[in-house]
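Given chain A's structure and the hints, the job is docking chain B onto it.
2 protein chains.
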Amino acid sequence: MFAQQTCARSRKEPILTIENKFYSQEVHGPYELFSVGDFELEMGGKLRDCKIAYNTFGTLNAAKDNAILFPHMYTGTHKHMEPYVGEGMALDPTNYFIILPGQIGNGLSSSPHNTPAPFNMAAFPNVTIGDDVRAQHKLVKEHFGIDALQLVVGWSMGAQQTYEWAVRYPDMVKRAAPIAGTAKGYPHNLLFNENLAAAMKMDPAWNNGWYTDPHAVHVGLRRQARIMALHATCPEFYYQEAWRRAGFSSLEDFLVGLLEGYFLPMDPNDLLCQLWKWHHADVSRHTNGDLTQALARIKAKTFVMPFQEDMFFPVNDCEREQKLIPNSEFRPIPSLWGHFTMFGIFEEDKKAIDNVLKELLAVPINVARS
Amino acid sequence: MFAQQTCARSRKEPILTIENKFYSQEVHGPYELFSVGDFELEMGGKLRDCKIAYNTFGTLNAAKDNAILFPHMYTGTHKHMEPYVGEGMALDPTNYFIILPGQIGNGLSSSPHNTPAPFNMAAFPNVTIGDDVRAQHKLVKEHFGIDALQLVVGWSMGAQQTYEWAVRYPDMVKRAAPIAGTAKGYPHNLLFNENLAAAMKMDPAWNNGWYTDPHAVHVGLRRQARIMALHATCPEFYYQEAWRRAGFSSLEDFLVGLLEGYFLPMDPNDLLCQLWKWHHADVSRHTNGDLTQALARIKAKTFVMPFQEDMFFPVNDCEREQKLIPNSEFRPIPSLWGHFTMFGIFEEDKKAIDNVLKELLAVPINVARS
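If you read the sequences in order, they're chains A and B. Residues 400 to 769 in this note's numbering are what the first sequence lists, from first letter to last. Residues 400 to 769 in this note's numbering are what the second sequence lists, from first letter to last.
Bound-form chain A, shown alone:
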């Protein structure tokens, strides 16, 4: 019965869900909702009537062997990946069927802000990258009937999902491109993650997750944006004022215009759900904590693609992992945009990423492997 109700805007009624117009097709473009059903979670707990929002491009061929999966990063939705899909690009919808699955907790899929009581908001259960990938597996396998993916590619938390796919379903993933992300969390990255979460939680308006207005926590969201700005690009980016080329007129104009503006419309509990997932991503839980064993499971031809100046996921961490992946290559991409290179704000960065993906898709796959 609760499921029928939406946000109770009067403080006298119990809060059920938060209405936030940001999480809509008007803002994020068209998408479908896939019903995962009642979905038991890795850490315990269950999502009733779990849905994941997704979009697709291109057509699944009769053999169902032309699919690519492209999950998204923290704060993102399918929309953020769409600039990498296009005719003449690596992810060309004239050749491939490209699925952009939404994370649980991204605001369009089942998320703290849109889940009815009693599992709403701060009571939303902890979700893992493994849960996301299992939900996506249902979409890919049960809904579309796809047995193998030509490529799984993702940036940041998308790379975490990519690793999870390649380790969990090694026979399904023919190629993998984890971009600027790692197969498990390393302590400096986790400390950064904790600082992002704490920025929101320090705002008294957060109220342990029980804010009543969708944008009440705006000071905490702005604070998170400015902590993110510390690691989003790199010191040389700021020194060279590279933001000028992106149309900003001052450092403050960049920080407020790009970063604060980006976070402001979002739902803090949805973000915290994603941050918790990011924090706990670890493919080595499949092998009792042995990362070497976990990464050795990967059968995909893998290009490990860190961004050279990345302060979220330093190249060292990515390279150490690459060396543990049997059929892999190390393909770092340089850009002053650091972790944010993937936003493709400089056309040449987008092109560089696209070229590496083209190269990976051109690698013939030894069918005997899968």
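Take the hints with a grain of salt, since some may be wrong.
DSBU-like, lysine-lysine: derived pairs with alpha carbons at most 35 Å apart [unchecked claim]:
#1 A/583 - A/722
#2 A/445 - A/600
#3 A/600 - B/420
#4 B/478 - B/445
#5 B/750 - B/537
#6 A/600 - B/583
#7 A/420 - B/600
#8 B/583 - B/757
#9 A/583 - B/600
#10 A/478 - A/445
#11 A/749 - A/722
#12 B/600 - B/750
#13 A/600 - B/600
Which stretches of chain A does chain B cover? Using the computed rule of at least three CB atoms under 8 Å from a CB of chain B, they are [stated by the list, open to error]:
#14 458–471
#15 530–544
#16 620–632
Hints are computed from structural coordinates only; laboratory data are not their basis. Where is the CB? At the ideal position from N, CA and C, for every residue including glycine.
Positioned in the frame of chain A, the structure of chain B alone reads:
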């Protein structure tokens, strides 16, 4: 009349000064107070009866030409520099007269928490690195009668003071060793600085600087500690769990034990006073914003000594400046401790720094220069 009163602990009386036992000789060891008198500040405003706390080692010789000045970093006092003073070390008190001057705002010198109303706490005026150096100049020249310093050396904000000395009083400074700091602020560093300040200000107990208990802002102080932890060392430090060698049993044990514990006893307004100084340090204000001209003024033999993995003051920034200093050498020091290398927690780091300082002090100074 207000000057006679100390902290009013009852909420019914006006707050005058904050009593904080951390800022005492019991905690920081012996020191002297030098009266600068009524001191007009660079940014306007005036400190009445301004005092700077300092300590000295060794004996000033008859010629008064064996003095070394060693100002301190953010959060520090003279005490933090003392491990670099000792027989057989570069700063050997058997040869040199070593002055460790306290910054204004360090809690022992005139500071927001110990200044009487109406200029107490949040009403304490903005102080610059230039003010510190002018106050230290009075101590050195007027109080001790010293005309030239064999060496000015400082770490982090101490390096800012070192640069200010070398640019402002080029004939007085024979050698300079700015360690892990820059002559002006660069944007990434300033963004970090802003995040440290904001961590305290986000704590509702901060109350715009008008907290009534000295340790009321402990949540903000802990938060600052954890943001500082992001840049204090470097990702590899955390990856390699280098904190184990320092006696910590887990990452959390390190973060709470070293960093949170370090900040907890401090006064937020005192820290904010120092952060503002750090943020506005810039020797190029002596030359209408022309850094090249400002650094060209330096006559000291200068060793620019960044820490290789420093995330506060990256080596690139330090090297660019070094190239603008006429009689200088670039002497980066590697350590996983990054910016915190100067704490000398690993004996070999302390030794490495000491060795470079020994080398600098061994450079014969061409008297014709000064």
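Query raised in the report: Regarding the pair residue 750 of chain B and residue 537 of chain B, is the alpha-carbon distance no greater than 35 Å?
Result: Holds. Residue 750 of chain B to residue 537 of chain B sits at ~32 Å (cutoff 35 Å).
Report task. Decide if the proposed pair is consistent with the structure: residue 749 of chain A and residue 722 of chain A, CA atoms, cutoff 35 Å inclusive. Result -> holds (26 Å)
Query raised in the report: Is residue 583 of chain B close enough to residue 757 of chain B, meaning Cα to Cα at most 35 Å?
Result: Roughly 26 Å separates the two Cα atoms, so the pair holds.
Report task. Mind checking the alpha carbons of residue 420 of chain A and residue 600 of chain B for me, to see if they're no more than 35 Å apart? Result -> With Cα atoms ~31 Å apart, residue 420 of chain A and residue 600 of chain B stay inside 35 Å; holds.
Query raised in the report: When you check the alpha-carbon spacing of residue 583 of chain A and residue 600 of chain B, does it fall within 35 Å?
Result: holds (33 Å)
Query - Hinted pair residue 600 of chain A and residue 600 of chain B, Cα distance within 35 Å - result: Measuring from Cα to Cα gives roughly 14 Å; hence the hint holds.
Report task. Assess, step by step, whether the Cα of residue 583 of chain A is no farther than 35 Å from the Cα of residue 722 of chain A, and give holds or violated. Result -> With a Cα-Cα distance of about 15 Å, the restraint between residue 583 of chain A and residue 722 of chain A holds, given a limit of 35 Å.
Requested in this report: Check whether three or more residues of the region 458–471 of chain A sit with their beta carbon closer than 8 Å to a beta carbon of chain B.
Outcome: Since 0 is below three, the answer is violated.
Query raised in the report: Given the hint that residue 600 of chain A pairs with residue 583 of chain B, does the C-alpha gap stay at or below 35 Å?
Result: holds (33 Å)
Report task. Could you grab the alpha-carbon distance between residue 478 of chain A and residue 445 of chain A and see if it respects the 35 Å cut-off? Result -> holds (27 Å)
Requested in this report: Given that the region 530–544 of chain A was listed as covered by chain B, double-check it with a C-beta distance under 8 Å for 3 or more residues.
Outcome: It is violated: at least three residues are needed, and the region 530–544 of chain A offers just 0 whose Cβ sits closer than 8 Å to chain B.
Query raised in the report: Keeping to a limit of 35 Å between CA atoms, is the pair of residue 445 of chain A and residue 600 of chain A held or broken?
Result: Holds: residue 445 of chain A and residue 600 of chain A sit about 25 Å apart, inside 35 Å.
This entry does not satisfy hints 12, 14, 15, going by the numbered hints stated previously.
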